[in-house]
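Taken in order, the sequence shown gives residues 1 to 216; the numbers are from this note's numbering.
Rather than coming from a laboratory, the hints here were simulated on the basis of the structure.
Treat the hints with care, since some could be wrong.
Across the chosen pairs, the derived CB separations fall in these ranges [stated by the list, open to error]:
1) S140 with A189: 19 to 25 Å
2) H129 with P67: 33 to 39 Å
3) T121 with Q21: 20 to 26 Å
4) R156 with R102: 17 to 23 Å
Because the structure is a prediction, the values reported are computed rather than measured.
A virtual CB, placed ideally from N, CA and C, is assigned to each residue, including glycine.
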Amino acid sequence: MPNRRSTTLSQADEAYALLRQRITRCELAPGTAVTARELAADLGLGLTPVREALTQLHRERLVVTMPRRGYRVAPVTAAGVMDCLEVWAVVRPRIVALAVARASPEAARRIAALLDDGLDTWTDTPAAHGALEDRSRAWSLMTAEAGNGLLADVYRLLDGRLLRLRAVLPEGTPLPTTSAPTWTELFAARDAERAAGRAAAEVEAFRAAVRPLLED
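Generate the whole structure from the sequences, applying the supplied hints.
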């Protein structure tokens, strides 16, 4: 018979994964008011694990706790987007440099395959949403391969916010990408310096593309 505490923990992990997915896919739209009881009923999980999941999502700033009133999905604001991209511009090149130098051959192949997707503009289509989530998985793996726990913690805070940019991106917004060199080439050459340069150039180009959209 499973330990009751371990069952609660596994349910909390499940609740966290499901709620985070709904929030980052904007199925729970920014600003939506929710309660732990409603979410527990919707997910078919216990109230305690759902509350634990909401506590973790609050720490990641994906939900806002409203004392005695429940929770609200954190809004996506212009200032918040620019703050997120400012931090991402700092840590992204370092994550890349470490991962290109340290990743196992298998991980390097997986990362490159997920990132070399050819998606250069945002469209509200299942294919684009899938590619965005593949990129998130690639960056999570890259961060793990970088082998720096503090960078991993920072990336985890940024990842949910980066995924939720789809809520505010108009059709045709340029996405972070450059034609050459490909990630496959950079990992194959173990060229950390060029990879970091590509990472920096991509995020700076994306910031430049997004800034005027948020100022309207």
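For each hint, the structure was consulted:
About 23 Å separates the C-beta atoms of S140 and A189, a value consistent with the hinted range of 19 to 25 Å. H129 and P67 have their C-beta atoms about 34 Å apart, which keeps the hinted 33 to 39 Å range intact. Judged by the Cβ atoms, the range 20 to 26 Å given for T121 and Q21 holds: they are separated by roughly 24 Å. Hint check: R156 to R102, Cβ distance near 19 Å, so the stated range 17 to 23 Å holds.
Every hint from the earlier list agrees with this structure, and none is contradicted.
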